[in-house]
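**Q** Fit chain B to the supplied structure of chain A, relying on the hints for placement.
If you're matching them up, the sequences are chains A and B in order.
Everything in the first sequence is counted per the working numbering, starting at 169 for the first residue and increasing by one.
Everything in the second sequence is counted per the working numbering, starting at 12 for the first residue and increasing by one.
There could be a bad hint or two in this list.
Unchecked claim - Covered stretches of chain A (chain B as the covering partner; in silico rule of three or more C-beta atoms under 8 Å from a C-beta of chain B):
id	segment
1	223 to 237
2	430 to 437
To be verified - List time: in silico DSSO-like cross-link candidates among lysine-lysine, alpha-carbon distance up to 30 Å:
id	chain 1	residue 1	chain 2	residue 2
3	A	Lys-333	B	Lys-151
4	B	Lys-107	B	Lys-94
5	B	Lys-102	B	Lys-235
6	A	Lys-333	B	Lys-70
7	B	Lys-151	A	Lys-202
8	B	Lys-149	A	Lys-223
9	A	Lys-354	A	Lys-406
10	B	Lys-235	A	Lys-202
11	A	Lys-490	A	Lys-391
12	A	Lys-333	A	Lys-184
13	B	Lys-101	B	Lys-268
14	B	Lys-242	A	Lys-202
15	B	Lys-177	A	Lys-203
16	B	Lys-101	A	Lys-200
17	A	Lys-421	A	Lys-490
18	A	Lys-354	A	Lys-411
19	A	Lys-203	B	Lys-242
20	A	Lys-421	A	Lys-411
21	A	Lys-223	B	Lys-177
22	A	Lys-202	B	Lys-107
23	B	Lys-70	B	Lys-235
24	A	Lys-184	A	Lys-421
25	B	Lys-70	A	Lys-200
26	B	Lys-94	A	Lys-223
27	B	Lys-235	A	Lys-199
28	A	Lys-490	A	Lys-388
29	B	Lys-177	A	Lys-200
30	B	Lys-149	A	Lys-203
31	B	Lys-70	A	Lys-203
32	B	Lys-151	A	Lys-203
33	B	Lys-242	B	Lys-151
34	B	Lys-107	A	Lys-199
35	B	Lys-235	A	Lys-200
36	A	Lys-392	A	Lys-183
37	A	Lys-202	B	Lys-149
38	B	Lys-107	A	Lys-223
39	B	Lys-102	A	Lys-199
40	A	Lys-333	B	Lys-149
If you are wondering where the hints come from, they were derived from the structure by calculation, not from laboratory data.
For each residue, glycine too, the CB sits at the ideal point set by N, CA and C.
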Amino acid sequence: MNLYLDTTLFTGPEKKSCRAGYGDELLELAKKNKKIVVLDADLAESLKVSEFRRKYPTRFFEMGVAEATMISAAAGLALEGFTPFTSSFAVFTPNQALSQIRVSVAYNRANVKIVASHAGITTGGDGATHQALEDIAIMRTLPGVTVLAPADYWQARKCVRAAAKILGPVYIRFGRSDVPSITTEKTPFQVGRAQVLQEGRDIAIFAHGEAVYRALLAAKELKKHGIRAAVINMHTIKPLDGKIIEVYAKKCKRFIVTEDHQMAGGLGSAIAEYTAQHCPVPISLVAVRDKFGESGDPEKLIKKYHIDTDDIIEAAHKMMDKK
Amino acid sequence: MQHTHTQQLEQTAKDLRLMVTEMLYASGSGHWGSSLGTADIFSVLFFGGVLRHSRLHAKRAQMDRFILSCGHICPIYYACLIKAGYLGDKKVTLRKLGSPLQGHPSHSFWDAIETSTGPLGQGVGVAVGKALALRLTKSKSRVFCMTSDGEHEEGSTWEAVAAAGKHALSSLVFILDRNHMQISGTTEEVSNLGDIATRYETLGWRVLMVDGNSVSRLLTVFEKAQTRSSKPTLVLCTTVMGKGVPFIENNYHYHGKAPNNDEYTRALSFLK
Numbered sequence: 169m170n171l172y173l174d175t176t177l178f179t180g181p182e183k184k185s186c187r188a189g190y191g192d193e194l195l196e197l198a199k200k201n202k203k204i205v206v207l208d209a210d211l212a213e214s215l216k217v218s219e220f221r222r223k224y225p226t227r228f229f230e231m232g233v234a235e236a237t238m239i240s241a242a243a244g245l246a247l248e249g250f251t252p253f254t255s256s257f258a259v260f261t262p263n264q265a266l267s268q269i270r271v272s273v274a275y276n277r278a279n280v281k282i283v284a285s286h287a288g289i290t291t292g293g294d295g296a297t298h299q300a301l302e303d304i305a306i307m308r309t310l311p312g313v314t315v316l317a318p319a320d321y322w323q324a325r326k327c328v329r330a331a332a333k334i335l336g337p338v339y340i341r342f343g344r345s346d347v348p349s350i351t352t353e354k355t356p357f358q359v360g361r362a363q364v365l366q367e368g369r370d371i372a373i374f375a376h377g378e379a380v381y382r383a384l385l386a387a388k389e390l391k392k393h394g395i396r397a398a399v400i401n402m403h404t405i406k407p408l409d410g411k412i413i414e415v416y417a418k419k420c421k422r423f424i425v426t427e428d429h430q431m432a433g434g435l436g437s438a439i440a441e442y443t444a445q446h447c448p449v450p451i452s453l454v455a456v457r458d459k460f461g462e463s464g465d466p467e468k469l470i471k472k473y474h475i476d477t478d479d480i481i482e483a484a485h486k487m488m489d490k491k
Numbered sequence: 012m013q014h015t016h017t018q019q020l021e022q023t024a025k026d027l028r029l030m031v032t033e034m035l036y037a038s039g040s041g042h043w044g045s046s047l048g049t050a051d052i053f054s055v056l057f058f059g060g061v062l063r064h065s066r067l068h069a070k071r072a073q074m075d076r077f078i079l080s081c082g083h084i085c086p087i088y089y090a091c092l093i094k095a096g097y098l099g100d101k102k103v104t105l106r107k108l109g110s111p112l113q114g115h116p117s118h119s120f121w122d123a124i125e126t127s128t129g130p131l132g133q134g135v136g137v138a139v140g141k142a143l144a145l146r147l148t149k150s151k152s153r154v155f156c157m158t159s160d161g162e163h164e165e166g167s168t169w170e171a172v173a174a175a176g177k178h179a180l181s182s183l184v185f186i187l188d189r190n191h192m193q194i195s196g197t198t199e200e201v202s203n204l205g206d207i208a209t210r211y212e213t214l215g216w217r218v219l220m221v222d223g224n225s226v227s228r229l230l231t232v233f234e235k236a237q238t239r240s241s242k243p244t245l246v247l248c249t250t251v252m253g254k255g256v257p258f259i260e261n262n263y264h265y266h267g268k269a270p271n272n273d274e275y276t277r278a279l280s281f282l283k
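In isolation and in its complexed conformation, chain A is listed as follows (with noise of 0.2 Å):
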């Protein structure tokens, strides 16, 4: 299949934010679908929304710093027929909202997108409190919840197509930062259909959000050294793609998985739970391990924390040498 992945990958790819591609297609959407509406908790501008606030004054909400009312409000009106995408940190929903997020939205299968920036270390300077490190692992425990987590623009913005489109709930999660564009507008998406980006039969390294471009660039540098790395973007993290996994479970016969999340829960704990009842494999997690992360340069924050490029490099050596 062909991916139309940005040719400029490796020479210098386009930056750019992830959620700027949510705020972009919300305005999209809503010239032709007047059921959606925007919710927010007071960080209109960070989560790219006020220029739906200004095109479409009647349908945005703003609720104030108060996530648990902007969740529970987002059910009731969804309960109403509406679609409504609720814009906040990664810290805040699910964690301010989480009783409403799981009786008002979940028990209730009600037709809420929860939108979720500065998820992952790299949020940066905020410091710890603002650097969702457990929220995947928190939202896909929920039964009935979508959980998609874009890798870079144009990927956001089809997971908030795709998302308008389920009927049920959906959680968004992506981080703060400009990241290189991977996919481009023509790539294909289907939320639970992982993407192979890159080939290889020697190791297979899954990974989400801004994690998937250091899983190319660890790849690249191990086929120098005689390793065919296949590279997994697995932007549905539930419903969990487990043909895929049984593929490369077959093929590779090692796995990575990388993220920008606490080890315990993440997609790494996904793909176990998985392979652990229908192919076991071997599983190299390179994630955050069981700590809280602090203010500095994103880039200083991933090498510090273990989740950068020499991470993966370094554990496909590691898984390699074993045999």
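**A** Below, chain B without anything else, positioned relative to chain A:
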């Protein structure tokens, strides 16, 4: 005529209290106190022509929405739905496997229930969302939300109150069961609620006060609540927890308890 109507609703409240007591006795657990305390309010709401619910109006566009935000008092809500005929002849048991009468109201188990509630401070927010939605669709339906004083110890309740005032949700009516009782004691002992009416007023609400155990006064206050206002309305109902069964009235130990054999037998002598 009005006199007869009032008497009928008083009798309905009595019937509801009996239904609640039987339901709880059969299940062996559940919240008895406030289910009894709010029976007069529920009688007026569901059978006094206040709430336009779906047994009366087939079209959703003509229906009001009802949310029981203090979900734990669902026995009284279930009694109303059953009495209104929502389940037909179907025999159901509270809190038993597969029953639509879940321990707390469940939208998944019974679609007559607008939203699942239980954790306090959530139904109020869902009510705000529904009122926002009804305004967007230019609907004439209203949203009635039953809440409790204990629920006002949850911060998120006040988020919802503030949002409703800010958005001037005139179709929204909160009904507050003010009985000063909660599971561990009086609301004064357990927490600090201040002057609830003033707190609402300063957040942009119209506040109406009433004796929540007087059917005639409830009829009057809900008529007043129907009058136009640019603000959301709080009907602050002073009630007696356990009303109708004198030996449990105002005794917080009966907040979250079902009647045992002895209590059940004694209660029947007051309710029949």
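**Q** For the pair supplied as a hint, Lys-202 (chain A) and Lys-149 (chain B), confirm whether the alpha-carbon distance does not exceed 30 Å.
**A** 14 Å, holds
**Q** Quickly compare the C-alpha distance for Lys-70 (chain B) and Lys-235 (chain B) to 30 Å and report which way the hint goes.
**A** Cα-Cα ~25 Å, so holds.
**Q** Given the hint that Lys-94 (chain B) pairs with Lys-223 (chain A), does the C-alpha gap stay at or below 30 Å?
**A** This hinted pair is violated, its Cα atoms lying about 48 Å apart.
**Q** Run the distance test for Lys-184 (chain A) versus Lys-421 (chain A): straight-line Cα separation, threshold 30 Å.
**A** Cα-Cα ~35 Å, so violated.
**Q** Compare the distance between the alpha carbons of Lys-177 (chain B) and Lys-203 (chain A) with 30 Å, and conclude whether the hinted pair is satisfied.
**A** Cα-Cα ~23 Å, so holds.
**Q** Lys-242 (chain B) and Lys-151 (chain B): Cα distance at most 30 Å?
**A** Holds, because 15 Å separates the two Cα atoms, which is no more than 30 Å.
**Q** Please work out if Lys-107 (chain B) and Lys-94 (chain B) have their alpha carbons no farther apart than 30 Å.
**A** 20 Å, holds
**Q** For the pair supplied as a hint, Lys-354 (chain A) and Lys-411 (chain A), is the alpha-carbon distance within the 30 Å limit?
**A** 24 Å, holds
**Q** Can you confirm whether the C-alpha distance between Lys-102 (chain B) and Lys-199 (chain A) stays at or below 30 Å?
**A** 49 Å, violated
**Q** Would you check the hint for Lys-333 (chain A) and Lys-149 (chain B), treating anything up to 30 Å between C-alpha atoms as holding?
**A** Cα-Cα ~25 Å, so holds.
**Q** Do the alpha carbons of Lys-490 (chain A) and Lys-391 (chain A) lie within 30 Å of each other, as the hint requires?
**A** Roughly 18 Å between the alpha carbons, so the hint for Lys-490 (chain A) and Lys-391 (chain A) holds.
**Q** Are the Cα atoms of Lys-151 (chain B) and Lys-202 (chain A) separated by 30 Å or less?
**A** Roughly 20 Å separates the two Cα atoms, so the pair holds.
Hint check: violations occur at hints 2, 5, 10, 16, 22, 24, 26, 27, 34, 35, 38, 39; the rest are consistent with the structure.
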